Each structure stands twice: as structure tokens, then as C-alpha cells.
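Given next are the chains, with one letter for each unit.
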Amino acid sequence: MTESSITVGGAMSMSLDGFIAGVDDSPKAPLGKGGERLFEWYFNGDTPSRHYGPPFRLSAVSAELFDARADRCGAVISGRRTYDVSNAWGGKGPLEGVPLFVLTHRVPRRVPRGDIPYTFVTNGIERAVEQARAAAARSKKIVMVMGGKAIQHCLRAGLMDEIEIDLVPVLLGRGVPLFHELGGVRFERTLIVDAPGVTHLRYHILNKGGRRGSPRAKKQRKESADRATDRLRRSVPNGEESK
Amino acid sequence: MTKVIFDMSVSLDGYMTASGVRPEEPMGDGGQQLHTWAFGEADERSAKVLAEMRRNVGAGIVGRRTYDLSVPWWGADGPSGSMRTPLFVVSHGKPKQVPHGGVYTFVHSPEEAVERARAAAGDQDIDVMGAQIGQQLIRAGLVDEIHVHLVPVLFGAGARLFENLGDDHIQLEAPSVIEGTTATHLRYRVAKRTARA
Chain A
448 MTESSITVGG AMSMSLDGFI AGVDDSPKAP LGKGGERLFE WYFNGDTPSR
498 HYGPPFRLSA VSAELFDARA DRCGAVISGR RTYDVSNAWG GKGPLEGVPL
548 FVLTHRVPRR VPRGDIPYTF VTNGIERAVE QARAAAARSK KIVMVMGGKA
598 IQHCLRAGLM DEIEIDLVPV LLGRGVPLFH ELGGVRFERT LIVDAPGVTH
648 LRYHILNKGG RRGSPRAKKQ RKESADRATD RLRRSVPNGE ESK
Chain B
4 MTKVIFDMSV SLDGYMTASG VRPEEPMGDG GQQLHTWAFG EADERSAKVL
54 AEMRRNVGAG IVGRRTYDLS VPWWGADGPS GSMRTPLFVV SHGKPKQVPH
104 GGVYTFVHSP EEAVERARAA AGDQDIDVMG AQIGQQLIRA GLVDEIHVHL
154 VPVLFGAGAR LFENLGDDHI QLEAPSVIEG TTATHLRYRV AKRTARA
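Chains as they are written, first to last, in my numbering: chain A, 448 to 690; chain B, 4 to 200.
It should be emphasised that the hints constitute simulated quantities derived from the structure, not laboratory data. Accuracy of the hints is not assured; some may be wrong.
Here chain B is said to cover these stretches of chain A; the calculated rule only asks that three of the stretch's residues, wherever they fall, bring their Cβ under 8 Å from a Cβ of chain B [as the list claims (entries may be wrong)]:
(1) 463–476
(2) 612–620
(3) 631–643
Listed below are several chain B residues computed to face chain A (Cβ distance under 8 Å; list not exhaustive) [what the hints assert, rightly or not]:
(4) Asp-10
(5) Met-11
(6) Pro-155
(7) Ala-160
(8) Gly-169
(9) His-172
(10) Gln-174
(11) Glu-176
(12) Ala-177
(13) Glu-182
(14) Tyr-191
Fair warning: this is a prediction, and the values are worked out from it, not measured in the lab. C-beta: ideal position from N, C-alpha, C; glycine also.
Please put together the full structure from these sequences, using the hints given.
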């Protein structure tokens, strides 16, 4: 399996009106006002998750999908905010045994010790995807992108192959949108699972990058990323400190 | 029992029209993609959704803006064509020119529209067309069901379907899900708001 054939996907809980968090979201209140409504399906049943353990108690249907999603995952890309908000997952990574790539402008000073390799990618989403794909290729699995901003970056750069939306039956009215000013992208629905309190949808992206993914723009982005690669350290091994 | 239904096609990023809405392009540039599931290449399940809606609708409610943009296409018969379903247009005044023998009644408020449409619909349903009027009716607690035809495309800009809904979350009940080939048809019942103590 070649690395370029490794699927890059993302998954988010979203309200019917398109929000992934409520208003006034902050590092201390990452879900914003009332945003926890979007994650009630994590706890609305009595089936535990094989991968995540307590406190997850999902409906049987959602649990199966949720765990299958984790089964497919060979590498995770996370935004820096998601990383910080999750307290770096205590060094254990968002998913047991799966390497983590964190998109960031600055490598954190301290990284908790753990068995999961953490890689901090400071030179753009293209390089993060490249490295995560290489890691996922080893297990012949897919790359999962976590966090709204990281997913947006990926979509915009034309690097996303599929997206899973856990559509929650609520209108939040205001909040943090999943999709932001990105037009011209078309999808094909490849999975739909009607579960209690949530409709799980998976879409394959038909024209990656949409209107903004012109070959010229891509070339320019690649050139600027290549320049950055020369200047910046790619990563720090997990458990080390760096300045 | 008559239900007030807000029934709209929407892009995955929440737009009911693309940008560039004008009389020649009432859905905006490329916005027609939202309706391909219903016109021309409707698959069997989608066609059924459409037919069921048409059969059950006894009256429509529309905002003035949607009316103005659409009336050149609708003519005297209105959006239902030969079925000539009565349409109530919420408007501050009556337009100078209205198609002769048209199905249109001009009313002053969303509440009046619902009242008049109820009387006209008999035991059939009321179809709310247009984002702004739909939003007003949702906010007023007058919408019973929201039917969304979710079309897998991102517009990035345009008119948002759900906007100006106020600060309270609006809870919906679990939807009935019908898988069209392109559009996903989701029918939600609006949960009745609990009275505040």
C-alpha cells in the first residue's frame, strides 16, 4: 500500500444548523455554551466502548460505529487547541497505540511521557498529513483528523478524503461552525446509520479542495511549505523537552 | 391534524441558497444543485418523499422576498403548479401586480399566515417556504416539523437556513431518515418547549 493511497478522514459531532460548539467557547470551556448537547450520544445508552472505556455509555448502534471508527485509525492528526484542551491526553494519545501528530506553530515546552509517539508538526498541514500517512501506512489504516480547525485546514488544502458527521437533532442557533467559507466541495454519502439521538453520516469527498484547490495555489503552498521544512525542526520525540 | 412544516433543501454547510441570488438566479450561483434531487434525476426514494409532501400539503406560507423572486416562475398557479394550492404571502403591502387568478393571499404577519393557512388547509399540512419566514415561525414556536433535504455540497457562502433563532437551543426529536441517492431526507419534529418555572 502506498502512502498516498492512505485515506485521510475526520469526524465531528454537529448540530443540524452546522455547529460543533456553542458560543463563547474558550480553552476552559471548549464546547462553548450548551455544546455538551452535541455529545449526549456518547452517554445515552448502556454499551461501553471497547476503545475508550468509561465514561462512554453509548447506544449499541453508536458504540459499534464508534469503535469501528477507532479500529480504522492508524494515525491521528490533532490541532494544537484540541491537544491543549485534552491535556495532551496525559501522554497516552487520543487513541491507544496510535501515533499522534499535532499541528502547531510552536512545539510545547513539556510533553508528558508516554508510549505513544507524539510528533509536533510546525510546517503546515501538508507535512502533517504526509507524516501521518506514512505512519498509518504501516498498519494499513487511515489517518483521522481531530478538531474543527484542523479539519478545515485539511479540507481547504484538498487533503481530506472523507468526513464523518454525527448529526445531532438540535438547533444551537449560534456557535462555532464546522465548515467555514469553503465552497465548491462536493461529496458522496457512503454510510448512514440512524442511531438514538444522532444520525451518523459518512461522506467521501469527490473534488478535493473545492474552488480554492487550484493547481497553482497548491504549488505555491507546497513551495512555501518546503522552504519552512528547511528552517524548522520537524518534530520532537515524545518525552523530551525543547525550547 | 394539520402540521406546520418547514421543508427545505440545504447544503452540508447549512446554506439554502448559494451566493449571488438575483432574479435570473433565484438560488444563487450553483444553488440549483440543492434541487437536483427533486428535479430531473430524482431517485425512487426521493421521488416518493416529494410526492408525499405534495400530496399532504393543503396550503403554503412564503415570505415576500421568496415570492418576488419566484413569482415569474410560478405564474398564477403558485409553487404547486396545477394543484393550485393556496399560498399565503407575508408582506407589508400587496404588490402592484399580482398574476390574474393567482393562488396568492397577502397577509401582514406570520401568525396571521398560519391562522389563514390552517383554515385553508383543512386536515392537510402547511408548507413553509423560505428561510426568513421559516426562522420567524420557528422562533414563534409555530413550526411542528422541520424537514431537511441534506445535500452533500459546500457552498461556503449564501443565505443560511437556520439563523436568527434566538439564544435558546431548539430541541428536535429523533428524525425519520430516508436515504435518497444524493440528498438525505431528514424529518424532525420540533420538541415542545417546556414551560419555565
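Hint-by-hint comparison with the structure:
1. 463–476: holds (count 3)
2. 612–620: That given contact holds, which follows from 7 residues of the stretch 612–620 of chain A lying within Cβ reach (below 8 Å) of chain B.
3. 631–643: With 9 residues closer than 8 Å to chain B, the stretch 631–643 of chain A meets the three-residue bar; holds.
4. Asp-10: This hint is violated: Asp-10(B) lies away from chain A, its Cβ roughly 14 Å from the closest one there, beyond 8 Å.
5. Met-11: Given a least distance of 11 Å, the restraint on Met-11(B) is violated.
6. Pro-155: holds, 4 Å
7. Ala-160: holds, 6 Å
8. Gly-169: holds, 6 Å
9. His-172: Check passed: Cβ of His-172(B) comes within 6 Å of chain A, closer than 8 Å.
10. Gln-174: Given a least distance of 6 Å, the restraint on Gln-174(B) holds.
11. Glu-176: holds, 7 Å
12. Ala-177: holds, 6 Å
13. Glu-182: holds, 6 Å
14. Tyr-191: Tyr-191(B) check passes; min Cβ-Cβ to chain A is 6 Å, inside 8 Å.
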